[in-house]
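Construct the entire structure; sequences and hints are all you get.
Chains A and B supply the protein sequences, listed in that same order.
Taking UniProt numbering, the leading residue of the first sequence gets 1, the next gets one more, and so forth.
Taking UniProt numbering, the leading residue of the second sequence gets 1, the next gets one more, and so forth.
None of these hints come from the bench; they were simulated from the model.
Take the hints with a grain of salt, since some may be wrong.
[Claimed, not checked] When the alpha-carbon atoms are kept at most 27 Å apart in a straight line, the in silico DSSO-like pairs for lysine-lysine are as follows: (1) K104(A) <-> K15(B); (2) K104(B) <-> K225(A); (3) K24(B) <-> K322(B); (4) K322(A) <-> K15(A); (5) K412(B) <-> K24(B); (6) K322(B) <-> K15(B).
There are 2 protein chains.
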Amino acid sequence: MDIPGTLREPADLEKYRGDWSGLKGGLPAVVYRPASTAEVAAIVRSCRAQGARITVQGGLTGLAGGAAPDAGDVVISLERLNQVEDFDDIGGTITVQAGVPLAKLAEIVEARDWYFPLDIGARGSCQIGGNVSTNAGGNRVLRYGPMRDLVLGMEVVLADGTVMPMLNRVVKNNTGPDLKHLFIGTEGTFGIVTRVVLRLFPRPAVRRSALCAVASFAQVAQLLKQARGRLPGLSSFEVMWQEYLVAAARALGRAVPLGGGHPIYVLVEAEGSTAPQMQEIFEGFLGEMLEEGVVADVIVAQTQEQAQSLWDFRDAIGELLKQLSPFVSFDVGIPLRVTADYVETARARLQAAFPQASHLFFGHLGDGNLHIVSGPHASEADQLAVDEIVYGLVAEVGGSISAEHGIGRIKKPFLHLSRSETELEVMRALKRTLDAGDALNAGRIL
Amino acid sequence: MDIPGTLREPADLEKYRGDWSGLKGGLPAVVYRPASTAEVAAIVRSCRAQGARITVQGGLTGLAGGAAPDAGDVVISLERLNQVEDFDDIGGTITVQAGVPLAKLAEIVEARDWYFPLDIGARGSCQIGGNVSTNAGGNRVLRYGPMRDLVLGMEVVLADGTVMPMLNRVVKNNTGPDLKHLFIGTEGTFGIVTRVVLRLFPRPAVRRSALCAVASFAQVAQLLKQARGRLPGLSSFEVMWQEYLVAAARALGRAVPLGGGHPIYVLVEAEGSTAPQMQEIFEGFLGEMLEEGVVADVIVAQTQEQAQSLWDFRDAIGELLKQLSPFVSFDVGIPLRVTADYVETARARLQAAFPQASHLFFGHLGDGNLHIVSGPHASEADQLAVDEIVYGLVAEVGGSISAEHGIGRIKKPFLHLSRSETELEVMRALKRTLDAGDALNAGRIL
Numbered sequence: 001m002d003i004p005g006t007l008r009e010p011a012d013l014e015k016y017r018g019d020w021s022g023l024k025g026g027l028p029a030v031v032y033r034p035a036s037t038a039e040v041a042a043i044v045r046s047c048r049a050q051g052a053r054i055t056v057q058g059g060l061t062g063l064a065g066g067a068a069p070d071a072g073d074v075v076i077s078l079e080r081l082n083q084v085e086d087f088d089d090i091g092g093t094i095t096v097q098a099g100v101p102l103a104k105l106a107e108i109v110e111a112r113d114w115y116f117p118l119d120i121g122a123r124g125s126c127q128i129g130g131n132v133s134t135n136a137g138g139n140r141v142l143r144y145g146p147m148r149d150l151v152l153g154m155e156v157v158l159a160d161g162t163v164m165p166m167l168n169r170v171v172k173n174n175t176g177p178d179l180k181h182l183f184i185g186t187e188g189t190f191g192i193v194t195r196v197v198l199r200l201f202p203r204p205a206v207r208r209s210a211l212c213a214v215a216s217f218a219q220v221a222q223l224l225k226q227a228r229g230r231l232p233g234l235s236s237f238e239v240m241w242q243e244y245l246v247a248a249a250r251a252l253g254r255a256v257p258l259g260g261g262h263p264i265y266v267l268v269e270a271e272g273s274t275a276p277q278m279q280e281i282f283e284g285f286l287g288e289m290l291e292e293g294v295v296a297d298v299i300v301a302q303t304q305e306q307a308q309s310l311w312d313f314r315d316a317i318g319e320l321l322k323q324l325s326p327f328v329s330f331d332v333g334i335p336l337r338v339t340a341d342y343v344e345t346a347r348a349r350l351q352a353a354f355p356q357a358s359h360l361f362f363g364h365l366g367d368g369n370l371h372i373v374s375g376p377h378a379s380e381a382d383q384l385a386v387d388e389i390v391y392g393l394v395a396e397v398g399g400s401i402s403a404e405h406g407i408g409r410i411k412k413p414f415l416h417l418s419r420s421e422t423e424l425e426v427m428r429a430l431k432r433t434l435d436a437g438d439a440l441n442a443g444r445i446l
Numbered sequence: 001m002d003i004p005g006t007l008r009e010p011a012d013l014e015k016y017r018g019d020w021s022g023l024k025g026g027l028p029a030v031v032y033r034p035a036s037t038a039e040v041a042a043i044v045r046s047c048r049a050q051g052a053r054i055t056v057q058g059g060l061t062g063l064a065g066g067a068a069p070d071a072g073d074v075v076i077s078l079e080r081l082n083q084v085e086d087f088d089d090i091g092g093t094i095t096v097q098a099g100v101p102l103a104k105l106a107e108i109v110e111a112r113d114w115y116f117p118l119d120i121g122a123r124g125s126c127q128i129g130g131n132v133s134t135n136a137g138g139n140r141v142l143r144y145g146p147m148r149d150l151v152l153g154m155e156v157v158l159a160d161g162t163v164m165p166m167l168n169r170v171v172k173n174n175t176g177p178d179l180k181h182l183f184i185g186t187e188g189t190f191g192i193v194t195r196v197v198l199r200l201f202p203r204p205a206v207r208r209s210a211l212c213a214v215a216s217f218a219q220v221a222q223l224l225k226q227a228r229g230r231l232p233g234l235s236s237f238e239v240m241w242q243e244y245l246v247a248a249a250r251a252l253g254r255a256v257p258l259g260g261g262h263p264i265y266v267l268v269e270a271e272g273s274t275a276p277q278m279q280e281i282f283e284g285f286l287g288e289m290l291e292e293g294v295v296a297d298v299i300v301a302q303t304q305e306q307a308q309s310l311w312d313f314r315d316a317i318g319e320l321l322k323q324l325s326p327f328v329s330f331d332v333g334i335p336l337r338v339t340a341d342y343v344e345t346a347r348a349r350l351q352a353a354f355p356q357a358s359h360l361f362f363g364h365l366g367d368g369n370l371h372i373v374s375g376p377h378a379s380e381a382d383q384l385a386v387d388e389i390v391y392g393l394v395a396e397v398g399g400s401i402s403a404e405h406g407i408g409r410i411k412k413p414f415l416h417l418s419r420s421e422t423e424l425e426v427m428r429a430l431k432r433t434l435d436a437g438d439a440l441n442a443g444r445i446l
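This is how it looks when you write it as structure tokens:
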């Protein structure tokens, strides 16, 4: 299939099959790498005319297999749609094409003394369009919200090849349905995001970090409420249960901080100005939490190097995953008031079923996002049993089976645990309305 | 029409016609005041069976006439759906029925040492369901976002009478389309919101306010960027052009603060803890802005009474509207970098066309929301001419014709200025999907 004015580049089809922890996509029939919205639209129209199915690809860093093609799919990779189109220094907005990598965007923005707060492990390869389509989260959702809250406007190519511009640049816009939410977090199933207008923030001059040891989850919740109210610029609240911290220290070949004998650890980060009072407030707050017994022990980083060395434990997850492979990982959303029970019960059930494996708990608890990694689990049957323990409990407490990674292909069988039958029906009705021929990313989510 | 188990209360049909600055609704055929979701669903099903049209009503405080019934409509008023159903002190969430008034909610929340930040002039009468359906904004959007950002989950009765529960309680939930956005800001045209789960925040211990006089809009933009980066807890950034402040002072019978001779005034508010360093930072920041010449003059409130007396000027809008009646008012969204030009051009065109009338500019500029009031304008033709000047310019600069009040019936003729034909088509397709019979709030928005 040739599309006038676009590039057909089948050179290395294999590369576009991708690989998602064991899930490999089928071999696409053809890969297009359009360099403009008009080219995307032309490809979509041509596919429609021929009844071809489309898989949309960004940086191939998703964790739910949403970008895995079916064999014979037309792949549209947005990697060449990578231009910055507008930078508004006054209002603090940037307009970019969907294929711009996140790290490149952050660099461009910071060079002009602004700040784009989304930050995830895949920053070097992941693309803005993928961040939008999966509603990416990361470490600073507590302060800035997920990608959904950072998008002001966008342009989308619909399933019939129509280009829908909605390049809003203002924070408040109440002119009927806010259609961008149809395309945020829907993993390319309702349309192809080609351009995005993003909100920027003033660049924080410094970051302050501390690692707190806490005796119980009730005290973690207390620390969170106090920190939200009293720590200006609170940007991260990362919780690590003891087993996680001990395993991370081992993976890093370092001593466990604060002795490692406490049940829970919290990495607290606040962003702000260089005003000396900000440091006083940060240290004063933690000192008070220590005095009041909310926190059992604390390390306050005095330099950026010390801060990084605390963050190393949180960032050690990449290394840990290699050691626990083949692992099963989760990013569930759990209401704070049932988190302690959830962790205790899930851990007990996992240990009873798989006493030889490691079961690590950690997460962005400031926004209810709990990560669990369990492994190694060699057989598919074991992996499924782990899924059933973790997701079954999520359904029991009314949580979400995916707080940030999305559903894709991998979590589809469990979607009904988080969404009612009526919701699923409305989702299907939306899909029929926006993509009657099921041309875009068929078989994902629903 | 009688619905088993519900109250039919036609006692005072006249009251439910409402009155929206000149727009009076038609007389409804009947008014139902259901006290449960099941009753709402039964009424909707019964209307559907009989082909009756429904107007949904909350506190009747909307400014776009969205709650105005057509003659013969079935009105569903949610005023008796007014229970608080759950309060989560640990996670900071509250679950309420849609008819709870905003002020009552705020009171209940603050009594338990939490905080719900949405605050608008109509707080005493407006209801949470209406706040959701219109995506209400107000003075603290800069820090907390509009209602859209404060809703975690909801329950909706769809046009066919199906109850759709999506009572999510976690901040991060990436399990397919986030369906709540179909019902936020869509003014009851896609479904009837019956229950809402809201995010709460720690209650700020103090608020600090200052009034700054500024020489140019370029400096307002500079002050905003600096304040966002350096003023912890920045919660309001309310801009008032000179004519507004002078008129407000006259309406209040008070002297114009800071002499009244500056072109623009900014009311800055920051929320935070009682830590003495916070006051130092607030005053230090404003002192520095003064030294650097970003700000020409400033009053820092030293007590809550002084703060209130500064806010009186912003809140004088209610009084001003009475004096300028019959007025035409706007809440447009304008990108910051074109705001200065927009105001200058709009003012010049309005003055040229209506030299006898007052044209006042003010707004929540921290989020691009500009309010304009022009009056008195006795004739409908003059009012339309004012609309055309203001909205025509909005379209020229790529702004939004409604930043917070919504479209309803009143702004429908201008919707095409803010939304492309493709967007309007997708909106119509969504309406057909969710309410094929056009039963819910027909004739609003589209």
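Against the structure, the hints:
For the hint linking K104(A) to K15(B), the alpha-carbon distance of about 58 Å lies beyond 27 Å, and the restraint is violated. The suggested pairing of K104(B) with K225(A) holds, with an alpha-carbon distance near 23 Å, which does not exceed 27 Å. With a C-alpha separation of about 18 Å, the suggested pairing of K24(B) with K322(B) holds against the 27 Å cut-off. Annotation: proposed proximity of K322(A) to K15(A) holds, straight-line Cα distance about 22 Å (limit 27 Å).
Annotation: proposed proximity of K412(B) to K24(B) holds, straight-line Cα distance about 16 Å (limit 27 Å). For the suggested pair K322(B) and K15(B), the alpha carbons sit about 22 Å apart, so the restraint of at most 27 Å is met.
Violated hints amount to a single one, hint 1; each of the other numbered hints is respected by the structure.
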